[in-house]
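K.L.:
Spelled out from the first residue to the last, the chains are:
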Amino acid sequence: MSIEVVGVTKRFKSFTALDNVSLTINSGELVALLGPSGSGKTTLLRIIAGLEWPDSGEVRFDGQDALSRSVRERNVGFVFQHYALFRHMTVFENVAFGLRVRKGKAKLPEAAIQAKVNELLSLVQIDWLADRYPAQLSGGQRQRVALARALAISPQVLLLDEPFGALDAKVRKELRRWLRQLHEELPVTSVLVTHDQEEALELADRVVVMGHGRIEQVGTPGEVYDHPATAFVHDFIGETISLPGEVRGGDLYLNEKSLGLDAQGLGDGPARIFARPHDVELHDPAGTPFRGKVLAVRTFGPTRRADVEIAGEKGNVVVEAAVPLDRTLGVGEEVGLLPRRYKVFPAANR
Amino acid sequence: MGNSASNLPLATSEGLPTGVQEARTYAHASKPVRTEPAYVRVLLTIIALGFLALFIGLPLVIVFVEALKRGWLAYVSALIEPDALEAIRLTLIVAAISVVANLIFGLVAAWAIAKFEFPGRSLLITLIDLPFSVSPVVAGLVFVLLFGSQGLFASQLQAWDIQIIFALPGIVLATIFVTFPFVARELIPLMQQQGTAEEEAAVSLGAGGLSTFFRVTLPNVKWALLYGVLLCNARAMGEFGAVSVVSGHIRGLTNTMPLHIEILYNEYQFVASFAVASLLALLALVTLVAKTILEHRLAEDDK
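Keeping their order, the protein sequence lines are chains A and B. Quick note on numbering: the working numbering labels position 125 of the first sequence as 125, and the sequence is numbered without any gaps. Quick note on numbering: the working numbering labels position 105 of the second sequence as 1105, and the sequence is numbered without any gaps.
This is chain B alone, in the form it adopts within the complex (with noise of 0.2 Å):
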């Protein structure tokens, strides 16, 4: 065995030539890989970054040039006539009910999907994302056809007097529907991974039920639930088309931000409708950069 090794001149001695060789293959491959000529590389920047300009970029900045045509007084004015503050709170009023319902909603479907089984788990799933695949105007319509005037509830709503078409009611509805699964679906995944041990080791540590939600699980998912809040949040403030079917366009009554936007649109009144919709533009930039603060957070919470 060992004899065949020492008949072997020595400058072959196996490994070590081969050994080097291989490091200073390596040494010139330092470069990174790069398959495609300079020109090429350029041109997708170009394109990538020229098709965000011209179709991302540019109607943001349009948004803030219209609004400020007349200049600042126009402006403001525009944003502080009475109906334009109608819509202003009712839309905060909207959004600040569906994120809350939606917040506790969410949170509950997730925890219920990702720590325990239980028959219709899987339908629980499929319907939380059935928001996504149905068009907003669908969603209005549903609530019009239940809670319309000739709707299915019509009768029992009349006996009791409730208005829930062109009323608030109908909206705050419709947009919980549309915003729906932007929470459950952010929690889902990250509670499915974080699996049910950290919990086990709660209780088994002498924690109650309440206790390890609040110590544990919550703590573990904070930045994912305030990330889908913020994204629900945004929706909540833009939905158009649900809300549109339900609301009824009454002025200072049942407009939101978007619809009344429309409107002024429709009416030729350019400036005042642009501001109001600079306010929503404000909006998607700040979340936006809420936003990337928070995916370096749930990256962190990731590792």
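Just chain A, with the same shape it has in the complex (with noise of 0.2 Å):
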């Protein structure tokens, strides 16, 4: 079933939560809305899900108006962020309530409940828990019941709420792959949401980056890390070198001097240059756009970086570059950053 959600804002209070968001989720699809604590990501699942209503716009399931009808009636299957197993109920009964409290016609028989829920349990992998109580289990074991609970309605849309979110990190992973596993098995038009990118880019289809209630990029994974749209994106995607700059007639200057580096197009203004870490090279000062003031040097694993005080237009900036394990670098050394890719962003919208 696709989803659209059509200009839809919501407020809370004087806060706005979502700001006039657009979105289409094609139908089996698998995407994640991610983004920082804040930005609307939750309130969008929740509103999909028809446990909150938007203040303004539509949401449509199949082209047809969903807003019209409660949660109840939406046949979505809602994984909460903290599960929200029902505590006096065994994992079993758990998973068989939604199709227990199926009324008049829909009501199956008992044979059939058993039948459906002891599939599920197999399918998540968790049948041997089937009589312990939620209090019983791991994070990873509820994770699975709370995920089994929500397929027992069939239902036509998966939601996902931080699905990860309370669980360590070697389970998360493991959880991850087999959740991706499960979405090519049985492909319900599914959505995610995360506030972390690893779990986003790994497992979408899609990810939808948003920032304070709004969109900033829809886009497949490789998408929105190599060519993010907004300043924003690319900060809040993978590790971001932001260096100063103005741009003036297609030019970028720092300090009144050229950088050397291309505008990107941007227009006249104070600018900010984004680079992934990986993309800037240390060099000797003479020659590069950016030098600076070694403060410190740190090797974690593979990788090893270093603290570069560059004189910025108002006061200076430390920027955190990385170092080839090859090159030794001391505190207090003169060195010069080259940027080898990088986007150009308008700095106001930082």
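Some clues are possibly wrong.
[Claimed, not checked] Okay, derived cross-link-like pairs now, DSBU-like style, lysine-lysine, Cα gap no bigger than 35 Å in a straight line:
#1 K1115(B) <-> K105(A)
#2 K173(A) <-> K343(A)
#3 K107(A) <-> K1069(B)
[Stated by the list, open to error] Counterexamples of contact, computed for chain A against chain B with all Cβ distances above 12 Å:
#4 P36
#5 G63
#6 D131
#7 E239
#8 D268
#9 P270
[Stated by the list, open to error] Take a look, some chain A residues computed to stay more than 10 Å from chain B by CB distance:
#10 G104
#11 A150
#12 E198
#13 T220
#14 H278
#15 P324
Everything labelled a hint here was simulated from the structure, so no lab data went into it. Even for Gly, the Cβ is constructed at its ideal location relative to N, Cα and C.
Now that you have both chains on their own, put them together as the hints suggest.
P.N.:
Shown next, in the form of structure tokens:
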């Protein structure tokens, strides 16, 4: 089932959680809503689910108005951030809940319920936990119960709110792969909310980057990482070095000196030059656009980083540059920085 | 970088020796951390237990001793005396009505307060606590002023021939007022802590409002609810002040057990008085045991 969100705005008192957001999610797609906390991603998910109502705008499922239907009638599977398992029910009863509350014709006979629940429990690989209570499960197991419970109602849309947020790093990675596999097996249109870019980039067919209640960019994981549309996206996804500058007539300047870098068609005014740390090379100070003093050098694992202090228009700026392992660098040394690949954004946009 | 470590003598290679030393210190400190000398601890325990025995244990024992002073026959005959039976019956009726009323009210109020935002919510929270801060006698007086023969609604009540003060309705009203906070106060913090996620999950799975309430909300608070009901019941049966003001002390008609006990005592019928009192004391003991069991259950629910 495809989902269309058209011009949705939602305010909580004076705070605008969503500001005229439009988004189309194709049938069978797995889309990640990625953004920092307060970016409106969870609100958008809850509006799609029907747990929250927009102040204005439309939500359509397969072209049909969804806002006129309550969450009960939308047939969405929702996986809550802290799972929200029914604490007084066994795993089996948790999963069976959606089938047991059905009324009239939709009500299944007990045998059918049992069969369906057992099938789901083995799908999420926790059939041996059927008689346990949620309090007796690990985080990863609870996550699987929550997913099985949401899938029990054969949802047309699966919505996941920070599904791996409360798990430790190792389990998180495992479950992520497993969820991707599950999505291949059951191609339900799925929307996932996360603040973890690695999770979004690895799992999703498309990533929706959100900030301050707006959609900043929609694209495949490769597109958002390699071609960030805005300064916000560049800064939020992947590691970013931000260098100061000013555009004047198609050229970049810093402290009245030309940097010799391309302004990428940006109009006159203060600008920021964004680059990935590995795209910035260390050089001798002479002839490079930026130079500065090394404040500290840190080594962790295979990477080395140096804090370099650069003189900007308004005071000094400290940037973290990647240091090749074969390069020796002393604190206090003067180095030059040469961005190989970079994007230029207006500074006011930051 | 790496060469500085190899210059150092081997014995002081960083980390290990200090780690071992630390482990030894911890082993020494394995006994519980208590700074008070033994005699202080013994003294404190004796004071606490002694106080408890003197002010709570002893009176409880005396109730039973006094009640059984003239033997079982006198004890039983004091209990099966018609006025006493009537007082017990009235107390049970009043408690039954007020507990059920407060169970429903408490559940609804706690549900509304914990799960929804609405104007006047904080006022409601404050009002629920009011009966705890108002003297029961004042509470009784309020009802007399409202429904008494000189009261605010006196003419209407007379016109419809409804008797509230000096009758069962007045006693029930006063008891409901006094026991009003027990259930709600027990439920509100638990429901607030549990939040609304499980209800949202239930609704998203297709459950209706009632179904969600009876399958999810209510089972999640059942032990706390029972606990509140238990305390509410104990107070309802034992309430003296408020009931005393509105009942009129009509023997065999509007006397609850506490009032009956007072009357008997004032008439120097000590055995009869303590016999009825022993029933209330028994109720207290049963409540205590049930309370302890429920607290265990509650602790498990919290996990």
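K.L.:
Need the list of violated hint numbers for this structure, in ascending order.
P.N.:
When the structure is compared with the hints, numbers 3, 11 turn out to be violated.
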